[in-house]
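Just so you know, we're using this note's numbering here: the sequence shown kicks off at -6 and counts up by one.
In short, the hints are calculated from the structure, not lab data. Treat the hints with caution; some may be incorrect.
[What the hints assert, rightly or not] Straight-line alpha carbon distances no greater than 25 angstroms define the calculated SDA-like cross-link-like pairs of lysine to any residue that follow: (1) Lys155 x His109; (2) Lys15 x Arg102; (3) Lys69 x Lys91; (4) Lys50 x Ser13; (5) Lys155 x Val42; (6) Lys136 x Val52; (7) Lys91 x His78; (8) Lys50 x Val14; (9) Lys125 x Phe170; (10) Lys99 x Ser121; (11) Lys155 x Ala122; (12) Lys116 x Arg97; (13) Lys136 x Lys50; (14) Lys50 x Leu5; (15) Lys125 x Val14; (16) Lys69 x Thr81; (17) Lys155 x Thr57; (18) Lys116 x Leu173; (19) Lys116 x Thr58; (20) Lys155 x Lys50; (21) Lys136 x Gly(-5); (22) Lys69 x Val85; (23) Lys15 x Leu158; (24) Lys99 x His109; (25) Lys155 x Lys116; (26) Lys50 x Arg102; (27) Lys125 x Glu54; (28) Lys125 x Lys69; (29) Lys155 x Leu185; (30) Lys116 x Ser29; (31) Lys125 x Arg102; (32) Lys99 x Val42; (33) Lys125 x Ser13; (34) Lys99 x Val70; (35) Lys136 x Arg180.
[Unchecked claim] DEER-style ranges, computed between Cβ atoms: (36) Ala118 x Glu21: 18 to 26 angstroms; (37) Thr81 x Ala184: 32 to 40 angstroms; (38) Trp2 x Asp144: 12 to 20 angstroms.
Glycine is no exception: its CB is placed at the ideal position from the N, C-alpha and C atoms.
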Amino acid sequence: MGVRGEGVWSELAFEAGVHSVKRVPATETQGRIHTSTATVAVLPEPEEVQVRIDWAKDVTEHVTTSQGPGGQNVNKVATAVHLVHEPTGIEVRMQESKSQHQNREKARRLLMARVHEHEREAKAAERSAERKSQIGGGGRSEKIRVYRYQDGIVADQRLDTKFSLRDILEGDLGPMFEALIEREVARRLEAL
């Protein structure tokens, strides 16, 4: 789900964590309370990975003779291009063409693609780690809020405060968000 707007991050950031719902389902014949949990992660939209390579500074280039079949040209003329992207250690070797210039261009395009994929995977791993830090293991003991239908209340574990379930379900989150923001401001001031 995506949410956009001014101030969205400052308020919805507090929703990250485990939410627990306690209710008696309509199908429950003996009146037992069922507990369900949902994990919520609040993350900014991922940005497209932009790769910029400083070919003079970041890349080491070696030109050698090619290997394999091809006769005298392969053995005597330096047409194979070997590129190493120093920051990532990614290597590319290109010897498809008899032209050093063509091999260099192909090697550069391939190196760009591999560095782009490397950066994309690193961003995805960073995002995954951020999500995991927000939701933990997803267990009931890690809950931040309990929605108790039988009592008509929402109890926020961090605030030790109860709110009206009806108000929350109707979208009146203001009092809860204000209390969470006040708590965060107090926590930060105390840390100074």
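Verification of the hints:
no., hint, in the structure
1, Lys155 x His109, "violated, 48 angstroms"
2, Lys15 x Arg102, "violated, 56 angstroms"
3, Lys69 x Lys91, "holds, 11 angstroms"
4, Lys50 x Ser13, "violated, 53 angstroms"
5, Lys155 x Val42, "violated, 43 angstroms"
6, Lys136 x Val52, "violated, 49 angstroms"
7, Lys91 x His78, "holds, 24 angstroms"
8, Lys50 x Val14, "violated, 56 angstroms"
9, Lys125 x Phe170, "holds, 23 angstroms"
10, Lys99 x Ser121, "violated, 33 angstroms"
11, Lys155 x Ala122, "violated, 31 angstroms"
12, Lys116 x Arg97, "violated, 28 angstroms"
13, Lys136 x Lys50, "violated, 49 angstroms"
14, Lys50 x Leu5, "violated, 42 angstroms"
15, Lys125 x Val14, "holds, 21 angstroms"
16, Lys69 x Thr81, "violated, 32 angstroms"
17, Lys155 x Thr57, "violated, 73 angstroms"
18, Lys116 x Leu173, "violated, 29 angstroms"
19, Lys116 x Thr58, "violated, 37 angstroms"
20, Lys155 x Lys50, "violated, 59 angstroms"
21, Lys136 x Gly(-5), "holds, 22 angstroms"
22, Lys69 x Val85, "holds, 21 angstroms"
23, Lys15 x Leu158, "holds, 12 angstroms"
24, Lys99 x His109, "holds, 15 angstroms"
25, Lys155 x Lys116, "violated, 38 angstroms"
26, Lys50 x Arg102, "holds, 17 angstroms"
27, Lys125 x Glu54, "violated, 40 angstroms"
28, Lys125 x Lys69, "violated, 55 angstroms"
29, Lys155 x Leu185, "violated, 29 angstroms"
30, Lys116 x Ser29, "violated, 32 angstroms"
31, Lys125 x Arg102, "violated, 35 angstroms"
32, Lys99 x Val42, "holds, 21 angstroms"
33, Lys125 x Ser13, "holds, 18 angstroms"
34, Lys99 x Val70, "holds, 18 angstroms"
35, Lys136 x Arg180, "holds, 20 angstroms"
36, Ala118 x Glu21: 18 to 26 angstroms, "violated, 42 angstroms"
37, Thr81 x Ala184: 32 to 40 angstroms, "holds, 37 angstroms"
38, Trp2 x Asp144: 12 to 20 angstroms, "violated, 31 angstroms"
In summary, the numbered hints that this structure violates are 1, 2, 4, 5, 6, 8, 10, 11, 12, 13, 14, 16, 17, 18, 19, 20, 25, 27, 28, 29, 30, 31, 36, 38.
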